[in-house]
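These protein sequence lines map, in sequence, to chains A and B.
For the first sequence, the numbering used here begins at 1 and goes up steadily by one.
For the second sequence, the numbering used here begins at 1 and goes up steadily by one.
If you are wondering where the hints come from, they were derived from the structure by calculation, not from laboratory data.
These figures come from a predicted structure and were not determined experimentally.
There could be a bad hint or two in this list.
[As the list claims (entries may be wrong)] Calculated lysine-lysine pairs in the DSS-like style (CA-CA distance at most 27 Å, straight line):
#1 A:Lys-318 x A:Lys-50
#2 B:Lys-102 x A:Lys-99
#3 B:Lys-121 x A:Lys-11
#4 B:Lys-499 x B:Lys-527
#5 A:Lys-102 x B:Lys-318
#6 B:Lys-499 x B:Lys-11
#7 B:Lys-198 x B:Lys-436
#8 B:Lys-318 x A:Lys-128
#9 A:Lys-436 x A:Lys-479
#10 B:Lys-50 x A:Lys-50
#11 A:Lys-102 x A:Lys-128
#12 A:Lys-527 x B:Lys-318
#13 B:Lys-318 x A:Lys-11
#14 B:Lys-479 x B:Lys-499
#15 B:Lys-198 x A:Lys-499
#16 A:Lys-121 x A:Lys-499
#17 B:Lys-198 x A:Lys-11
#18 A:Lys-121 x B:Lys-436
#19 A:Lys-102 x B:Lys-99
#20 B:Lys-436 x B:Lys-121
#21 B:Lys-128 x A:Lys-527
#22 B:Lys-102 x A:Lys-128
#23 A:Lys-527 x A:Lys-128
#24 A:Lys-99 x B:Lys-99
2 protein chains.
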Amino acid sequence: MITRMSHLFVKTLRDDPADAEVPSHRWLVRAGYIRRVAPGIYSWLPLGLKVLHNVERIVREEMDAIGAQEVHFPALLPREPYEATGRWTEYGPNLFRLKDRKGADMLLGPTHEEMFTLMVKDLYSSYKDLPLSLYQIQTKYRDEARPRAGILRGREFVMKDSYSFDIDDAGLEASYQRHREAYIRIFDRLGLEYVIVKADAGAMGGSASEEFLAVADNGEDTFVRSPGGYAANVEAVTVPAPAAVPFDDAPAAHVEDTPDSPTIESLVALVNARFPRADRAWTGADTLKNVLFMLRHPDGRREPVAVGLPGDREVDVKRLETAVAPAEVEPFGDADFEASPGLVKGYIGPGALGEKASSGVRYLCDPRVVTGTRWITGADEPGRHVLDLVCGRDFTPDGVIDVAEVREGDPAPDGSGPLTLARGIEMGHIFQLGRKYADALGLQVLDQSGRLVTVTMGSYGVGVSRAVAAVAENTVDEKGLCWPRELAPFDVMVLATGKDVAVFDAAERLASDLDEAGIGVLFDDRKASPGVKFTDAELLGIPTTVVVGRGLADGLVEVRDRRSGMAESVPVADALAHLVRVVRG
Amino acid sequence: MITRMSHLFVKTLRDDPADAEVPSHRWLVRAGYIRRVAPGIYSWLPLGLKVLHNVERIVREEMDAIGAQEVHFPALLPREPYEATGRWTEYGPNLFRLKDRKGADMLLGPTHEEMFTLMVKDLYSSYKDLPLSLYQIQTKYRDEARPRAGILRGREFVMKDSYSFDIDDAGLEASYQRHREAYIRIFDRLGLEYVIVKADAGAMGGSASEEFLAVADNGEDTFVRSPGGYAANVEAVTVPAPAAVPFDDAPAAHVEDTPDSPTIESLVALVNARFPRADRAWTGADTLKNVLFMLRHPDGRREPVAVGLPGDREVDVKRLETAVAPAEVEPFGDADFEASPGLVKGYIGPGALGEKASSGVRYLCDPRVVTGTRWITGADEPGRHVLDLVCGRDFTPDGVIDVAEVREGDPAPDGSGPLTLARGIEMGHIFQLGRKYADALGLQVLDQSGRLVTVTMGSYGVGVSRAVAAVAENTVDEKGLCWPRELAPFDVMVLATGKDVAVFDAAERLASDLDEAGIGVLFDDRKASPGVKFTDAELLGIPTTVVVGRGLADGLVEVRDRRSGMAESVPVADALAHLVRVVRG
């Protein structure tokens with residue numbers, strides 16, 4: 001069936017929507033693919049839904065190809081399974097919770113580990129039933145604090161989530177690898193430029209875990225790469241701890257007046273002027289900065305924590321959030337300072353920190369703060385700092401926390417050289433969950449010797465609705481959307497210009513022929529100016545446009561490629577065969 | 001790709017699930033198609049999901065064929081649009097309500113009239129954009145008081161809902177007819193035995209409206225048919241009001257002692273004995289029974305109401321619920337009687353009822369209670385009744401209410417003879433909504449003369465997940481499920497019996513050949529007894545089974561038809577061609 005522009009439920013916009021933060025959002029709204037209903041909640045118009053269905057088809061085909069079986073769970077779920085694993089609480093305010101008419105607690109599923117675990121427990125009981133991989137393509141819910149960028153980070157979104165069930169670790173590793181390969185095929189077919197990076201398992205509680213990131217300048221995730229091939233989400237980067245330094249010769253710590261040195265820069269200048277060191281100048285990396293945060297635990301408890309790190313680095317809040325999850329990070333405010341008289345704002349030092357110190361504030365330090373390193377840091381008195389404070393001699397942190405910003409040029413953990421940084425959008429995530437959920441929910445099967453063993457699980461996700469935005473983000477240009485062929489809502493747009501009835505008739509015939517050849521065709525049959533039609537054609541991003549216009553008098557139509565912008569004249573008699581070749585490749 | 005039973009995520013059950021009320025529920029669970037998660041909330045296992053997808057495909061094809069365009073709205077919706085139409089309140093406890101992390105009121109969409117209206121308002125502004133029909137296949141939520149019968153009446157379910165938008169009534173009528181025809185094609189293809197009946201528009205507030213009911217003995221809906229072709233949901237049946245009766249000659253009303261006559265039957269016996277009438281005996285139809293109910297309005301207000309009807313009929317609570325919607329019906333309890341001293345339980349008469357009477361209880365009467373009819377009814381004193389009480393002379397009801405039970409043999413409203421009754425499952429519902437939503441939400445477009453006119457709408461639903469249960473209900477037998485070919489999860493089941501490797505190899509070859517011919521094949525490759533395999537094959541309900549077994553030695557396989565139970569021997573060399581013919585028809 002030919003779709004006609006005069007009939008298609010779409011209205012293109014000439015102006016950017018007010019709330020559009022990123023190009024994909026801007027163009028998907030302007031081209032009439034999606035429409036906002038509430039913060040982070042969108043409707044799909046006909047064009048957008050076709051692209052979404054194309055993504056679903058690709059994901060479904062590749063999951064089926066590895067023998068994963070499709071099922072479908074409800075989105076509205078009872079509390080009990082999530083209570084059993086602790087996630088009812090751990091999800092904190094990210095979980096949509098509600099009560100039914102009888103007062104029973106329910107939730108809108110953010111992911112379905114619990115439900116799949118219980119389903120397999122319900123149906124299966126023997127090692128002979130394994131390995132098993134199940135998946136669903138389903139609407140999920142997360143009450144994001146900061147929904148953003150249209151469908152890139154929504155509160156209602158479509159995900160493919162799958163789960164593998166194996167009798168032992170080798171089985172899990174094999175299931176994980178099968179999913180990894182399926183994901184490579186999926187993201188290749190989506191036409192995404194992507195990287196596979198080591199990931200932190202975060203709240204999922206797993207061990208081995210990788211992310212598939214679409215490379216995008218305005219992605220929310222930062223990742224690093226090394227010359228040797230190491231690649232990791234910045235939240236998963238582990239900074240190599242230097243070896244301990246001998247400190248027998250280190251001078252004793254001494255407190256000094258350091259007036260007018262509120263910043264690291266001014267402090268470094270002051271100590272270089274007043275307490276110069278012989279071998280080299282002091283730098284920001286010689287100072288120990290102590291930053292306070294307030295953690296809010298899922299049960300509502302607030303806990304202060306101090307992070308000590310070299311003064312030339314900032315705390316990366318996303319790395320911190322990952323490190324302390326499921327707790328959430330809040331600023332340590334003036335009221336918190338007032339409640340902690342031992343902490344002198346701007347001059348906090350190790351002396352006032354630690355579980356055994358007067359403040360009782362837990363004190364965690366960057367991996368670079370090893371035994372024997374000596375530091376310039378706050379003296380816990382206004383206008384004063386302490387110098388030559390030696391870790392392991394003068395203070396001992398309560399633990400290590402690896403949350404300092406990672407910088408371009410930092411040494412890579414694999415020792416292969418400096419790291420480079422880039423940004424991306426998380427499109428897929430594969431986890432070796434292990435036995436956490438199976439343990440919590442009692443999923444055991446009989447092994448070959450008749451013993452009950454706990455099943456080991458993997459969990460694998462693809463952001464299906466997000467993929468629509470990520471591909472758009474990867475492919476848009478200054479004229480609008482520009483779909484790869486496998487995702488495009490239509491293969492060919494047939495565009496009739498002018499008012500000549502013969503032109504419209506020829507265009508209609510060509511559209512019919514294409515349709516009969518099984519090619520998806522959008523026919524712009526509107527009585528609009530060529531300018532409007534060309535602008536809309538570019539905005540909608542259909543890969544190929546055929547213009548039927550004045551050239552028809554000479555027996556020619558024009559075939560345009562949306563991506564390259566190239567146009568060629570084709571005899572109208574050859575147009576069908578030519579387009580079939582273009583579309584089928 | 002061949003699906004193998006040894007690999008398929010399914011476990012058939014030999015026993016009925018404890019909570020199964022109807023055959024479709026029992027067999028869908030036993031055959032491993034669906035699984036309960038919470039009351040009215042189910043998961044779909046691979047076999048069930050394939051059937052659901054087949055229903056979706058049929059619905060999608062037929063909606064596309066009438067030019068309806070597919071879109072997709074969120075299930076999680078903001079309160080405001082539903083507030084604007086009053087449905088936030090009217091839905092009462094049937095609506096799942098929740099708050100997001102910022103405290104904003106949200107709901108899980110039960111239907112999407114508001115959202116479609118706002119979307120069209122957002123995009124369109126001219127009569128030239130109309131007519132327009134949009135649809136979605138989407139997960140919906142209703143917090144049913146009595147979820148039942150598995151997926152037949154769930155709290156989370158899949159619906160196709162569509163909406164038409166027209167400039168005038170003639171356009172709406174045409175859109176309505178197009179949908180009606182598409183629905184006929186959909187339900188024909190589903191292989192359902194169904195009827196189209198006049199429906200009450202209920203809470204939707206529309207005018208013309210019809211339901212598509214699957215005929216099923218344990219359906220929740222009762223419908224009537226007349227010899228002349230009238231068909232209606234029992235809730236929509238209108239009882240023809242008889243003409244007024246002259247009452248000049250009627251005797252004066254007189255109150256009599258009627259001891260020991262607590263029931264209509266005993267009362268009729270007593271009056272026939274003590275106050276016989278000359279022309280014929282008194283019957284229950286001469287008595288006027290007054291039944292009290294308490295209405296709970298969506299705003300929580302409780303209002304008593306009295307229904308007066310001939311004593312030989314009961315109030316049909318579903319008809320009453322429909323008549324008073326969006327109010328809900330509750331019993332009039334002992335506490336309510338205590339609070340109303342004028343009402344003498346068992347002896348309530350028109351004297352104590354009515355907005356102007358001492359009780360102030362609104363008094364609504366059956367259409368048969370017309371002016372001039374005379375009644376035996378309660379005298380509002382214990383042990384006493386009044387006789388010859390004439391409507392329009394001795395009492396005047398506050399209004400008419402048509403909620404008495406409809407009986408087999410009642411005269412049809414079309415005058416064509418007696419009604420017959422049957423039961424069914426509501427599968428589809430088509431409404432002429434009119435301008436209710438467009439008015440409430442300001443959906444206007446410019447007409448040909450440049451004037452703003454309000455758009456008129458239709459609303460059309462198909463229960464997609466319910467269709468899976470309804471078709472099962474229509475087709476199951478004592479051995480299990482029995483799918484029509486267009487819905488079956490697989491076309492052919494290949495079943496290898498015995499332990500002979502040659503048999504398994506031949507079965508595998510046949511399965512591969514069928515798969516390559518594009519036929520969906522489920523291969524029972526398990527090392528199980530023939531008995532187990534035959535039982536499962538019948539339980540799963542795949543239309544055709546090929547048994548490869550002992551006959552192979554003679555070059556034969558057996559082809560069985562699930563519905564007829566007929567089996568025929570086919571030479572193995574012809575099996576593929578034979579099965580292709582069977583499947584393709």
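Consistency of the hints with the structure:
With a CA separation close to 35 Å, the supplied pair Lys-318 (chain A) and Lys-50 (chain A) exceeds the 27 Å bound. At roughly 17 Å between alpha-carbon atoms, Lys-102 (chain B) and Lys-99 (chain A) fall within 27 Å of each other, so this suggested pair holds. Note on Lys-121 (chain B) and Lys-11 (chain A): the hinted pairing holds, with a Cα-Cα distance of about 12 Å set against a maximum of 27 Å. For the given pair, Lys-499 (chain B) sits about 8 Å from Lys-527 (chain B) by alpha-carbon distance, which is consistent with the 27 Å threshold.
Only pairs whose Cα atoms come within 27 Å are accepted, and Lys-102 (chain A) paired with Lys-318 (chain B) is accepted, the gap being roughly 22 Å. Between Lys-499 (chain B) and Lys-11 (chain B) the alpha-carbon distance is near 22 Å, which keeps this suggested pair within the 27 Å criterion. Between Lys-198 (chain B) and Lys-436 (chain B), the direct Cα distance comes to roughly 20 Å. Compliance with the 27 Å bound is thereby established for this hinted pair. Note on Lys-318 (chain B) and Lys-128 (chain A): the hinted pairing is violated, with a Cα-Cα distance of about 51 Å set against a maximum of 27 Å.
As the CA atoms of Lys-436 (chain A) and Lys-479 (chain A) are separated by approximately 49 Å, the hinted pair breaks the 27 Å bound. Proximity of Lys-50 (chain B) to Lys-50 (chain A) is assessed by CA-CA distance (about 21 Å); at most 27 Å being required, the pair is judged to hold. A threshold of 27 Å between alpha carbons decides the hint, and for Lys-102 (chain A) with Lys-128 (chain A) the separation of about 41 Å lies outside it, so the pair is violated. Between Lys-527 (chain A) and Lys-318 (chain B) the alpha-carbon distance is near 53 Å, which puts this suggested pair outside the 27 Å criterion.
For the hint pairing Lys-318 (chain B) with Lys-11 (chain A), the CA-to-CA distance comes to about 44 Å; that exceeds 27 Å, so the pair is violated. Taken as a hint, the Lys-479 (chain B) and Lys-499 (chain B) pair is honoured in the structure, with Cα atoms around 26 Å apart against an allowance of 27 Å. For the suggested pair Lys-198 (chain B) and Lys-499 (chain A), the alpha carbons sit about 48 Å apart, so the restraint of at most 27 Å is broken. A hinted pair counts as satisfied when its Cα atoms are at most 27 Å apart, and Lys-121 (chain A) with Lys-499 (chain A) does not qualify at roughly 67 Å.
Distance hint between Lys-198 (chain B) and Lys-11 (chain A) is unfulfilled; the C-alpha atoms sit about 37 Å from each other, more than 27 Å. A hinted pair counts as satisfied when its Cα atoms are at most 27 Å apart, and Lys-121 (chain A) with Lys-436 (chain B) does not qualify at roughly 50 Å. Of the pairs offered as hints, the one joining Lys-102 (chain A) and Lys-99 (chain B) holds, with about 17 Å between alpha carbons and a cut-off of 27 Å not exceeded. Taking the CA atoms of Lys-436 (chain B) and Lys-121 (chain B), the gap is about 14 Å. The hint holds against a cut of 27 Å.
Distance restraint check for Lys-128 (chain B) and Lys-527 (chain A): the Cα-Cα separation of roughly 12 Å lies within the 27 Å cut-off, and the hinted pair is therefore satisfied. Between the alpha carbons of Lys-102 (chain B) and Lys-128 (chain A) the distance comes to roughly 49 Å, so the proposed pair goes past 27 Å and is violated. Restraint check: the Cα-Cα separation between Lys-527 (chain A) and Lys-128 (chain A) comes to about 65 Å, which exceeds 27 Å; the hinted pair is violated. Of the supplied pair hints, the one linking Lys-99 (chain A) and Lys-99 (chain B) holds, its CA atoms being roughly 11 Å apart against a limit of 27 Å.
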